[in-house]
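J.: Starting from the structure of chain A, add chain B where the hints point.
Chains as they are written, first to last, in our numbering: chain A, -7 to 305; chain B, 564 to 1090.
If you're looking for bench data, these hints aren't it; they were derived computationally from the structure. Treat the numbers as computed from the prediction; the structure is a model and nothing was measured. Glycine is no exception: its CB is placed at the ideal position from the N, C-alpha and C atoms. Heads up, some of the hints might be wrong.
Quick list of in silico lysine to any residue cross-link-like pairs, SDA-like style, CA-CA up to 20 Å [what the hints assert, rightly or not]:
{"hint": "1", "chain 1": "B", "residue 1": "K743", "chain 2": "A", "residue 2": "D27"}
{"hint": "2", "chain 1": "A", "residue 1": "K36", "chain 2": "B", "residue 2": "P682"}
{"hint": "3", "chain 1": "A", "residue 1": "K36", "chain 2": "B", "residue 2": "W989"}
{"hint": "4", "chain 1": "B", "residue 1": "K976", "chain 2": "A", "residue 2": "G83"}
{"hint": "5", "chain 1": "A", "residue 1": "K36", "chain 2": "B", "residue 2": "G689"}
{"hint": "6", "chain 1": "A", "residue 1": "K36", "chain 2": "B", "residue 2": "E1017"}
{"hint": "7", "chain 1": "B", "residue 1": "K1036", "chain 2": "B", "residue 2": "P682"}
{"hint": "8", "chain 1": "B", "residue 1": "K976", "chain 2": "A", "residue 2": "L42"}
{"hint": "9", "chain 1": "B", "residue 1": "K976", "chain 2": "A", "residue 2": "F266"}
{"hint": "10", "chain 1": "B", "residue 1": "K976", "chain 2": "A", "residue 2": "A40"}
{"hint": "11", "chain 1": "A", "residue 1": "K36", "chain 2": "B", "residue 2": "D598"}
{"hint": "12", "chain 1": "B", "residue 1": "K976", "chain 2": "A", "residue 2": "S38"}
{"hint": "13", "chain 1": "A", "residue 1": "K36", "chain 2": "B", "residue 2": "N1022"}
Pulled a few chain A residues facing chain B out of the computed Cβ check, cut under 7 Å [stated by the list, open to error]:
{"hint": "14", "residue": "A31"}
{"hint": "15", "residue": "D35"}
{"hint": "16", "residue": "N47"}
{"hint": "17", "residue": "V158"}
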Amino acid sequence: MAGLQYILKRLALMIPTFLLVMIIIFLLVRMLPGDPALAIAGDKASDADLAAIRNRLGLNEPLLVQFWLFFTNVLQGDLGRSILMRTSVMGVIIERLPTTVFLAAFAVSLSLLIAGPLAFVAALNRGRWPDTVIRTVFQVGLSMPVFYIGLILLTFLAAHLRWFPVGGHGDGFTGQLYYLFLPSMTVALYTSAIIMRNLRAAIIEVLDAEYVQFARAKGLPNRLILGRHVLRNALISTVTLLGLSIGNLMSGTLVTETVFAVPGLGRLMLEAIFARDYPLIQGLTLTFAVLVSIVFLLTDLFQSLLDPRMRLS
Amino acid sequence: MKRNLTAATLMLAMAVGTPSFGQERGGTMNFARYDGSRLIDPIYADRNPDIWMVGSLFDTLLRSSDDGKSIVGGLADSFTVSDDGRTVTLNLQADLKFADGSSLDAEDVLFSLDRARNPDLGPWAGMLGNVADVTADGNTITLSLSQPDPTILSMLATFNTAIVNKDVFDAAEGATDQEKSAAIFAAGGAGVGSGSFYLCGFEQGASMDFCANEHHWEMGADGKPLPYLDKVHFEIIPDDATRILKLQAGEVDAVEFVPFSRVAELDADPQINMNLYPSTRIIYSPINARETRADGSANPLHDVRVRQAINYATNKEALIGLILQGAGQPMRAPLMSSSTRLAADMDLYPFDMEKAKALIEDAGFEAGTTITLTTLAGSADDATIFAALQQMWAPLGIDLVVEQVDGATRGAKNRSGEFDIHTYGWVDDVNDPSQVTGWLGYTPVRHAVGTGWESARFNELFEASGSEMDQAKRAEQYAEMQEIYAEAAPLLFMYETPFAVAVSTAIDGYVQTPLGANIFSRATVSR
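Next comes chain A alone, as it looks inside the complex (with noise of 0.2 Å):
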């Protein structure tokens, strides 16, 4: 019941939350020097026919009058036609964001069984070489735009080697596992460097943890010490450090999908964006916002699951 209670709230909070990005992101990008009308019809377009398309999307509204008929539209479960795409733009949303989410799933997937394991390795063999080389890779990897890890990825593991394809995303799960691969393991090289390092942190401060050294003391087998007591309390900041960096995996998105050429929400970002689709912006941060807020009450739900001591309610 105390959970129950505690993801209402929890819920109830993130009302106010998308009620302040809303008012941000619709001043924020009114504030982009830059005419949406001169984005859609062109540099060639007359001024007559800027108005006139100024006119139509109601941009000569009072900023109040557009901000009313944004908010009640999200209300009633409308985001606006994109300018960009003409059409509908929960329709291009929902074609977009399996794939993103997909994107973002599979790297976290990759993420985590990069650095799980060499967390481990590293940690229990702190200041020997396998710790080094460990530390001295994932620091390399950190140290690297994202952008470039691709374009090594993509030139040596799919244009030369042929071992995956060079762009695109793929139909099925297979497909898009195949498609996906690379632009995930661009991804998550990034996010693994990070949560190893903390992983490894936690890991071993854990090992000096006085109830390990009693679980030693009391002869218990090592895999159960690592599993049990180990694992699951180094996991704890680790998982909200998961958390933090989904937010940044999708930022990750905006580059990944454009070097990779996948049709997902990120690149459909950075396309609004240029054109000054406003409406398509909107609904994109929103659903973005959407997203990390989901992302962090899962967040706060796991560690409960691993922490008895974080009371949900």
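T.: Only chain B this time, still in chain A's reference frame:
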């Protein structure tokens, strides 16, 4: 590089005009584009990725000849213009069909031309502004003009006058023409156009498919309808490096907008033909010629001598070497000399630093004055242009600084006059010099491409040329306009560039026209 350019020109001429024998049929050509189409409709296409695809799905009544210098038949097999220039008569070919096999007749032509000249619909209606009425008698179409119009035949060969199926529009869902058009495009299918292909697949921002129109009227070398291909599959890949990697990995057959820095590398690849198609594309920089800047301060660029000086001080050949790796030519006249009719025979501001210094001194230009060059953020070409100009103009005492903005901001600055000089580019949409001339110099169109420069004589000549049916007189008017414009130098005249398209050796017969249109109808694939 010149060899490539010549080869591309020859290919353009041969592929569009001359039938070749033993052509293979069938297969799919995979084409990587830098940006996707959003709505391919003759009258609503307003971005190059849309405009350049209209011709594949929709035919026009007339067409530009292979060399771009005259007009030939299309859906109409003959045409005449009356002596007074007020009536155009066209004869529609017999037994024309749309891609679904339904007949294309005069009713569709009237419907399409009425759409095209309706100012409440698309942005291109002004191009048919002199058309007062369109009537049909059997297969004879008559256009009555409110005044003689020397451009009318070119306009009937332009994408916005392409013919659409009236019945499909009548049956489409939607309250307005634009909604109907969007619904038709979203549904795809063979019914709406008579081009060599029809839209058979579309995923917004990701991919697009064109399938062969088996009812197309134009015949190939083997006596069967064009196109030779079964299908063209497009993938949208905005990143230059990824597009090229796709070609090198054999995942696509062609990539457009190859950066010129990669041309030599791809040219050396035996599996790739690196084509440089002649284009009407120019790169130039509007100069703010107003008396004062937007902030009210004195504008040193108002003085024509300063504008002339920076033109003389700009080494265009060096810019072409730096940016295009030699694959271009300096603008020798205000109109693109390589591909535009009526371009003047002149040598526009050859590099001459001594003359530049004399002009700047004569103008009393204060050394150390700051001038801002507005460039596109993220554009490697613009960054190179700035770095080169900064050095080239330093001997004149100009302190050139850069302001980087995105495309929408640059466009807004051009219209508001809040700039000193900014980079810009242009590609013709119409096979007639009136469009670019109006854009660059005629005040009512766009204040001489936002420069604020104005010449009453230029405007008078432009207006007169709009109804001048005597080609020799019209040529004189254009020559004088170009002289006035060159002398006044409201632009930094830079260079003309080709369209760089890398194509796998498995593909033959694909071309891009000087106006940018992608022509797949004579392309073949042999794997």
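J.: Hints first: check each against the structure and report whether it holds.
T.: Checked hints:
1. Distance hint between K743 of chain B and D27 of chain A is unfulfilled; the C-alpha atoms sit about 27 Å from each other, more than 20 Å.
2. With a C-alpha separation of about 16 Å, the suggested pair K36 of chain A and P682 of chain B falls inside the 20 Å cut-off, and the hint holds.
3. A threshold of 20 Å between alpha carbons decides the hint, and for K36 of chain A with W989 of chain B the separation of about 9 Å falls inside it, so the pair holds.
4. A C-alpha spacing of about 33 Å is found between K976 of chain B and G83 of chain A, which places the hinted pair above 20 Å, so the restraint is violated.
5. Note on K36 of chain A and G689 of chain B: the hinted pairing holds, with a Cα-Cα distance of about 13 Å set against a maximum of 20 Å.
6. Pair hint K36 of chain A plus E1017 of chain B holds up; C-alpha atoms about 19 Å apart against a cutoff of 20 Å.
7. The hinted pair formed by K1036 of chain B and P682 of chain B fails the criterion: a straight-line CA distance of about 30 Å is larger than 20 Å.
8. A C-alpha spacing of about 15 Å is found between K976 of chain B and L42 of chain A, which places the hinted pair at or below 20 Å, so the restraint holds.
9. Proposed proximity of K976 of chain B and F266 of chain A is supported: the alpha carbons are some 15 Å apart, at most 20 Å.
10. The straight-line distance between the Cα atoms of K976 of chain B and A40 of chain A is roughly 17 Å, inside the 20 Å bound, and the hint therefore holds.
11. Taking the CA atoms of K36 of chain A and D598 of chain B, the gap is near 19 Å; set against the 20 Å cutoff, the hint holds.
12. Only pairs whose Cα atoms come within 20 Å are accepted, and K976 of chain B paired with S38 of chain A is accepted, the gap being roughly 15 Å.
13. For the hint pairing K36 of chain A with N1022 of chain B, the CA-to-CA distance comes to about 19 Å; that is within 20 Å, so the pair holds.
14. Hint on A31 of chain A holds. Least Cβ distance to chain B is approximately 5 Å, under the 7 Å limit.
15. With a least beta-carbon distance of about 5 Å to chain B, the hint placing D35 of chain A at the interface is held under the 7 Å criterion.
16. Taking 7 Å as the C-beta cut-off, the interface hint given for N47 of chain A is violated, the closest approach to chain B being about 13 Å.
17. Given hint, V158 of chain A at the interface with chain B, holds; its Cβ is 4 Å from that chain's nearest Cβ, closer than 7 Å.
Hints 1, 4, 7 and 16, counting from the list given before, are not met by this structure.
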